[in-house]
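**Q** Chains as they are written, first to last, in numbering that gives the first Met the number 0: chain Y, 0 to 361; chain D, 0 to 536.
Straight line, CA to CA, 35 Å or less: simulated DSBU-like cross-link-like pairs of lysine-lysine:
| # | chain 1 | residue 1 | chain 2 | residue 2 |
| --- | --- | --- | --- | --- |
| 1 | Y | 361 | D | 24 |
| 2 | D | 24 | Y | 346 |
| 3 | Y | 353 | D | 24 |
| 4 | Y | 84 | Y | 343 |
| 5 | Y | 84 | D | 24 |
Between beta-carbon pairs, the in silico distance windows are:
| # | chain 1 | residue 1 | chain 2 | residue 2 | range |
| --- | --- | --- | --- | --- | --- |
| 6 | D | 306 | Y | 347 | 44 to 54 Å |
| 7 | Y | 347 | D | 28 | 20 to 30 Å |
| 8 | D | 1 | Y | 208 | 56 to 66 Å |
Source of the hints: derived by calculation from the structure; they are not laboratory data.
Using N, Cα and C, we set each Cβ at its ideal position, and we do this for glycine too.
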Amino acid sequence: MNTNLRRALGAAVVAALGLPVLAACGGSGGSDGADGGKTVTLVSHDSFVVSDGVLKDFEKESGYTVKVIKSGDAGSAVNQAILSKSHPQGDVFFGVDNTLLSRALDQDLFTPYEAKGLNRVPKNLQADAARHRVTPVDTGDICVNYDRAYFADHKLAPPQTLDDLIKPEYKNLLVTENAATSSPGLAFQLATVAKYGDDGWQDYWKKLKANGVEVVSGWEQAYSERFSGSAGGKKAKGDKPLVVSYASSPPAEVMGVKPEPKEAPTGVATGTCFQQTEFAGLLKGAKNTKGGQALIDFLLSRKFQEDMPLQMFVRPANQDAALPELFTKYGVKVTDPHTLDPEKIAKNREQWVKAWSSIVLK
Amino acid sequence: MVVPLAFFGVFFAYPVTAIVLRGLKDGGRWHFGRVGEVLADPAIGHVLWFTTWQAAASTALTLALALPGAYVFARFEFPGKRLLRAVVTVPFVLPTVVVGSAFLALLGRGGLLDELWGVRLDTTVWAILLAHVFFNYAVVVRTVGGLWAQLDPRQEEAARVLGAGRVAAWRRVTLPALAPAVAAASLMVFLFTFTSFGAVQILGGPRYATLEVEIYQQTAQLLDLPTAAVLTLVQFVAVAVLLGVHAWTVRRRESALKLVDAAHTARRPRGAAQWTLLGGVLTVIALLVLVPLAVLVLRSFDGPDGYGLAFYRALASAGGSGGTFTVAPLEAIGNSLTYALAATGIALVVGGLAAAALTRRAGRLVRGFDALLMLPLGTSAVTVGFGFLITLDEPPLDLRASWILVPLAQALVGVPFVVRTMLPVLRAVDARLREAAAVLGASPLRAWREVDLPLVGRALAVAAGFAFAVSLGEFGATVFIARPDSPTLPVAVSRLLGRAGELNYGQAMALSTILMLVCAAALLVLERIRTDRSGEF
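Okay, chain D solo, but in the shape it has when bound (with noise of 0.2 Å):
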């Protein structure tokens, strides 16, 4: 538990404790006076009441499209479902810049639904809304989903056997199962839809802001810190609220189920119900999940001279982007993946010490440090970022012209799936069997070889693929903190982005084509590999 306990006292708590106070103390005197002055302000108000509504309706309409999708996953058998699986997982991980652009391709003016049937979303609510739901649904279909799979259909059928109407037995039976599931989902999607940055600076226009773009400009652009540091903290007590209540339902969840094989509660769909279902869900999932990604896909082959792969070709030659990289922007397919290794090495030394920790202690405290784990995702990546450059600026930790800094930042947003993924697993590892080793002779190592491992290292590639897609696709706190000439992908994407020119917006395409196919191709070999389905991602 040090070990964890001092990476994120080092590489979290005290750089945001320090940017904070920086906000709070100015020339020797606290000015707590700013955190009324701040939140009496109405145009802050504003932003907590946007925040706040859109991230409900956000995390409402997610789930009313995603849970039909949810049970479809569980329960139904058809051709290309890992496949499919896999690919509503990519946008979980995708840059935002990267959506945000496939998003107004088709919502905003002269896309497919202005061309359809005239309707233009772009620059309201419902754009980021429709993100939103885009990110967010493989959270409702892994998490929901991956319970239902497990729910013995039997409990169901011997209700209505008893003679329990379909509703009711449903009701009765599944619900009260799949309640605590459903719940932490939900706490998730309201989680990542109240903090979302990208996807409302892109599609929101200018006139919408939640909390985390707010604390952005007040930081990276105003240098207002007393502001920033006050919404900081509104937005820690939130965040810290939202956790608390997940751990509440995810213990509650832990209580006994009997959960079966997911592989036997799958079978093919039967009726015209059934079939109508499915095909309504792979319809929604076309739309909302494939449309955007292909978009980007045939943009990408659009080259100058019709269809081809003159973008990717560019992407080899320095000179040819347009002098946006002193490297060519291949390059950054290598830097992406060197940084996401040492990234996942990171986050599953701290990730896995520490839910070892959990797993052999219990009370309350421990119960804190898990949802301190879980803060990093809901705290703003400028936050991050700002409080490393002024804490991290001495020998022997000046880290802040290193290297290290960017995959340190991406291990604190792969901890928590490290820790999530490993948790459920080290604790179904039975002491005894150790101890049984122990009394044969075995030495602790070995004990460990022959016992834990095996056990355990499915869930272990499972964590690693998670934190190593995530680190992926991480831009946020990547683009705050300075680092030598190596871009990574997401961040030579919006670089790409930021500069005029076909050939310039052509390589963006392609480069975000080609990391989306290699984070749909890292969560293809998680489907494979994993069995188990009671982790939370």
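In isolation and in its complexed conformation, chain Y is listed as follows (with noise of 0.2 Å):
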């Protein structure tokens, strides 16, 4: 439709509804060009957080005003970006990662910027470092979980690769989420198309199936209803010693527990990994590239880097920040976990998680 005739229509019935204070909420909350100038916006899926204290020193330090948009899991923000990229919600964009960020390349969705402290992150985080699109701000492993008390009880050796989940004893031990409609599910899959390769994941996962490998549809459910080893599942009488989570799992746990267990309840099977990296850029068509552009410097600073492991459960890109004690204390540091290039994800993510929904829910 044409703008005009959208402005007209807008007008219309901001008047016919008599909500002035309604069109004047409308005015303030978009980034508009009056306070362009000074308003930076980051548009981020919702698990973005950041402390308080963190932002206000950003602020204080760059004179901007940031303000942050959420908008649902990090599949749907990124598609809701795509979706709106004629007219962005806003500067930056945080929350892409590699299994969904060709799709925004290719959509066009940013503009180069390369940010300040791109030197401190490592060279195979930097999935655009040719053309600087994407700015790699954060890791993290999806591994499978295993209950320590389980283990322990039954004098088993927990798991520690994918081979060994398709041994029998492990047979019937672990639940997985769908791969059609959870990212750490889609993590999995991809973790054993990086291992097993195009012709070897669909037998590996024939051979999970056989040896009762249990689905669900989410994260929520896998990790907080099913798995025995979490203090939902415990609650919830979880019946599966085995679950497909994040590799920051364990520290979570642990989180807020007094007095201070010795070692955390679960553990994690570090040769299951597979690596995701989250990625920033400044959205094509942004109302203040300026302010953008420090956004972004201030997404790899050490402040915001340091800040990041307790606030969202991932580690920092930025080689110089310190991980918190309760990261070194109770995580694990996955030392070759399972890649794949984004590229080659979104030309088959489609027919390989079709092809996985025939093999593991028919």
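Could you use the hints to bring the two separately framed chains together as a complex?
**A** Encoded structure:
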């Protein structure tokens, strides 16, 4: 619909509804021209959190006011950004990960910008190093978590690798998420593609299915209802001692528990991990380019990077950032996670998920 | 009629049309071929078939379990009746994220049924069906029971005096009078279960998807807008047909029935049969409604150091939430109340004006408008949310980042309830009263204040209460809409559930319990102020 018509229609409606208040809210809510110089708007997913103090420091130093807009889970936030690219909701988008990166890049969502501090980010995280359309901000691993108590009680060594999971001693122990509907579920499938290749992964899943893998819709059910090692799962009497979750889940289990336990109640099978990297980018058509660039620099700054682990349970991309004690004490370092090229993921995702569904769900 | 039409035009029809068109029209060319393509896909066919039969089965099961309840609430007087009626309505406005968790506790591994009889129903169709009964029990009890209470029992007694047997008297006298209400309630339950989202997603496991779930996946996850557009249209057609039939049954119900004051038709149960019936209904309510709610409450107190208020205390601090929010989760209560109040205000203005317009005019067009107002109840929240995103993106209607968007979306769901509550009452106001006041020299404003307001005030309060409760529990649309950092209660619960750790899980349960209490309190106040039960809900 043409712009003038839309404007006229909008104005007419606001007048007809007699809601001047509403129009005023719309005005101050959008990043309009008047304060476009001072406000910088960050669009992200629901999991984005930053400590109040850290954001205030940035505002004080830079002179910008930061506004955060969250729009659903990671997948739906990216899709919303794509849908609204002709009138972007803000200046910077944070939260596109390597499984969705190509979709965002193909849609030409971002303006290149080389962030300050990028030289402190390991090369293997820099997925768009040639053009700098996106900046890596954090990384995390999706891994099989295990319930320490269960394996101690059963005098069984917890599994460590993908190969272990199809062994008879681990029959009927694993619960995972639907790869079609859940991002950890998809990441776990991608780990198997990375490990066994285009020819072997389907065969692996057939064996995993024969070994009694259970699939539920989302992470909440898998982790908080079915997994016997999590606090929620214990209350819900979950009976699966193995679950697909995050490498940072064990520290999360310990957080706020007093007195501090010696180790987390859950552990991580480090050979089953798939690495997810999250990126930020300057949105094309951003009203406040300068502010957006400053914000991206800030996302890579030590202050933000050191705040992130306890807020979003991910690891900093900046090598200079120190990890909090909770992570060093209860977390694990995944040294050699599985990864896949974002372009390869983009090209095959749909077909892989379809094949996966027909093997595992039917 | 201008205001409600404009409201629906801008905040419903325009966004939804835009997103559907975006799916069907690509690069300036229409893709009607996609309609056939999508409909011919066996996977989609499977979804359609499942959506339909589970809705039919859910409706049948709900009727079977709730009709005796409707009878008991209508005809028997027993202590705690009002409280119980408020409590059975709570599920109707509870967000499914909360309920799913409770149901898994009841039906899943190690759940109550598992421990008692080794029965596990999670990820089976039974879990979905029972959850649907849980959600919709109140629709039948309130719609059918409301009318039943006003049917004069003496009519049936008269038939028996004239020699009809108990069954025959019921079949010939009461059943025909009730049938339209039963039909209306069934259609509402069918509509709600046909478009079920949360319950199916949480309890169904990955094998079962309704049309609504499929639309969500195609839109939010796969960004396959053409498929989503076709499915949205299919759902539109289905819902429009349902609403058409519904409007027809409602009109039939409005045909003159001799109604009496509900206060005089109920009495204490007499005899073993009636006591057994009451006991049976109370058992069903206890097992199906109270136990799942109780499980939530129990878990909210089950802290790390035994039972206590640990999780409730944690709600007050931002740091204790494990960083899920920059503000204390407790603030979500304030947010929710603010949004719900704003939504109630909008819904009352829009719904009230619509009801007034519907009262004054008659005819096909107006009836079409009536059905139109119900349409948001059957439209996928993700379609509305994404539609908002691509249409309300320019001044003066760039509302995407504005807080007002949430109340607006919530009001869309609240309006139908306001209209349905106000309509019967407004129709009953005698225009001659107003004219008489005018003749006696009252100004229009005074006439409205002295004549209309006292008559309508109570209905207005009831409508406000319903809009408020529905807004409070609204999750689907709220969660899709961009908003500043101020989660509502249901959104906060789902975010807490999305995090690992005992504290987050416990806080989710504590917040759910608070939400439940607020809903129950709102509904209990409704029970106190409403006397007229001819409204639908």
